[in-house]
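Engineer: All chains, full assembly: derive it from the sequences and hints.
Using the working numbering, you'd call the opening residue of the sequence shown number 468 and step up by one each time.
Heads up, some of the hints might be wrong.
Label-pair restraints from in silico Cβ distances [said to hold, decoys possible]:
hint, residue 1, residue 2, range
1, Asn-499, Ile-700, 49 to 57 angstroms
2, Tyr-506, Leu-588, 35 to 43 angstroms
3, Gly-479, Val-545, 34 to 42 angstroms
4, Leu-513, Pro-760, 45 to 53 angstroms
5, Arg-625, Ala-661, 34 to 42 angstroms
6, Asn-510, Glu-649, 58 to 66 angstroms
7, Asn-510, Arg-585, 26 to 34 angstroms
8, Leu-519, Ala-757, 42 to 50 angstroms
9, Tyr-731, Ala-478, 53 to 61 angstroms
10, Ser-798, Ser-490, 49 to 57 angstroms
11, Arg-523, Leu-802, 41 to 49 angstroms
12, Asn-613, Leu-519, 33 to 41 angstroms
FYI, nobody ran anything at the bench for these hints, they're computed from the structure.
All C-beta atoms, glycine included, are put in the ideal place defined by N, C-alpha and C.
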Amino acid sequence: MVRRKRRVRQAGILDVAAQAGVSPATVSRFFNHPDLVRYETRNRILACATELGYVRNRAAGSLNRGKTATVGLVVPTVDNAIFAELIQEFSSSLMQHDYSLLISSHGYDLVNEVDLVRTLLEHQVDGVVLVGAEHDSETFHLLDVNNMPALTVWNWSRELRIPSVGIDNRELGRLAARHLLELGHREIACLFPAGSNNDRAADRRHGARAELAKAGASAALNRDVECPYDIDIAKQRVRELLQDLPPPTAVLAGNDIIAQAAMYAALSVGVRVPEELSIIGIGDFHGSAALEPGLTTIRIPAAEIAQSAAKTIVDMIDDGFTDSERSQRMSGELLVRGSTVSPVSSAT
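Structural biologist: Below, the structure is given as structure tokens:
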């Protein structure tokens with residue numbers, strides 16, 4: 468016979484106050500405004516709360532304030548190193564403002580994103596943060612009719628209906644293309660994923676093509692290949708491109724995943740990087756610098772975007788204003804490493 472374990476009463480604020488020898492009001496003040504409590508008293512309250520296993524009831528406090536102290540973040544995927552960095556930094560920054568994070572992933576499906584935003588609203592989040600510039604009109608409608616403080620991150624744009632904190636992805640594409648052009652490359656292969664449901668990739672591709680067209684690099688415009696953020700598929704695409712006559716002297720990849728795949732593909736068919744094939748990515752993912760040779764890429768300031776976005780959404784929640792003046796544009800940075808050099812024909 469299995470004996471049921473009797474449920475032990477959870478310690479409350481009165482228990483902590485009694486054990487610490489202070490008033491319940493002092494304990495409450497410690498958890499809400501610790502800077503207003505003397506150092507010695509803070510230490511005593513914390514020690515007693517830890518010993519008793521006291522867990523603060525945020526829900527009760529939230530009801531009194533009319534807030535839940537939570538922010539919802541909807542990302543395209545969690546299976547991507549740079550979005551993982553965004554989530555981690557955003558969560559850490561929110562914690563500094565005493566907010567918690569609810570995360571959802573729509574899998575690059577903007578219709579699915581509508582349902583996820585609705586669910587976040589049902590959970591009474593205080594603010595919503597979306598990734599990218601393109602979203603279903605129903606998503607904006609839900610945010611509008613619920614007077615929900617909201618902003619987008621990653622893709623900065625003047626034309627967004629809500630404030631944005633991020634980078635100009637077209638400029639990232641231009642930076643990558645300009646670097647290859649300045650080295651003397653004209654036989655350039657571009658690999659980007661489909662732009663549907665991924666405005667970041669679409670904007671990078673648009674910026675790269677505009678820069679190549681301005682330089683008259685017609686061969687590069689004819690080697691514009693659709694390629695998902697998948698290493699195996701990207702490797703196959705690059706192997707096929709290397710069979711062209713003449714073969715490309717450079718690969719411009721939509722992000723570092725495709726760029727890393729291009730390096731593996733070149734190695735597998737005996738093409739030397741960078742002597743015979745220069746490769747540039749976008750993102751500066753973890754591990755890109757450690758490749759041999761190190762991957763030249765455009766750094767996206769993910770941590771800075773996340774920190775700024777956290778402060779912005781908290782400010783919007785606190786004062787209730789959602790004006791576009793809160794938008795912030797940040798810049799990418801070209802990191803030249805060992806995977807790009809001038810083509811042989813230009814160097815000789």
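Engineer: Now look at each hint and say whether the structure bears it out.
Structural biologist: Okay, the hints, checked on the actual structure:
In this structure the hint that Asn-499 and Ile-700 lie 49 to 57 angstroms apart at CB holds, the actual value being about 52 angstroms. Between Tyr-506 and Leu-588 the beta carbons are some 41 angstroms apart, a value that agrees with the proposed interval 35 to 43 angstroms. For Gly-479 and Val-545, the Cβ-Cβ distance of about 37 angstroms falls inside the hinted range of 34 to 42 angstroms, so the restraint holds. For the pair Leu-513 and Pro-760, the supplied restraint of 45 to 53 angstroms holds, since their beta-carbon distance comes to about 51 angstroms.
The hinted window of 34 to 42 angstroms between Arg-625 and Ala-661 is violated, with their beta carbons roughly 25 angstroms apart. One distance hint, 58 to 66 angstroms for the beta-carbon pair Asn-510 and Glu-649, holds here, with the actual separation near 60 angstroms. Judged by the Cβ atoms, the range 26 to 34 angstroms given for Asn-510 and Arg-585 is violated: they are separated by roughly 45 angstroms. One distance hint, 42 to 50 angstroms for the beta-carbon pair Leu-519 and Ala-757, holds here, with the actual separation near 47 angstroms.
For Tyr-731 and Ala-478, the Cβ-Cβ distance of about 56 angstroms falls inside the hinted range of 53 to 61 angstroms, so the restraint holds. Checked against the hint of 49 to 57 angstroms, the C-beta distance between Ser-798 and Ser-490 comes to roughly 52 angstroms, which is consistent with it. The beta-carbon spacing between Arg-523 and Leu-802, approximately 43 angstroms, falls within the hinted interval of 41 to 49 angstroms. In this structure the supplied range 33 to 41 angstroms holds for Asn-613 paired with Leu-519, their Cβ-Cβ distance being about 39 angstroms.
Going through the hint list in order, the structure does not satisfy hints 5, 7.
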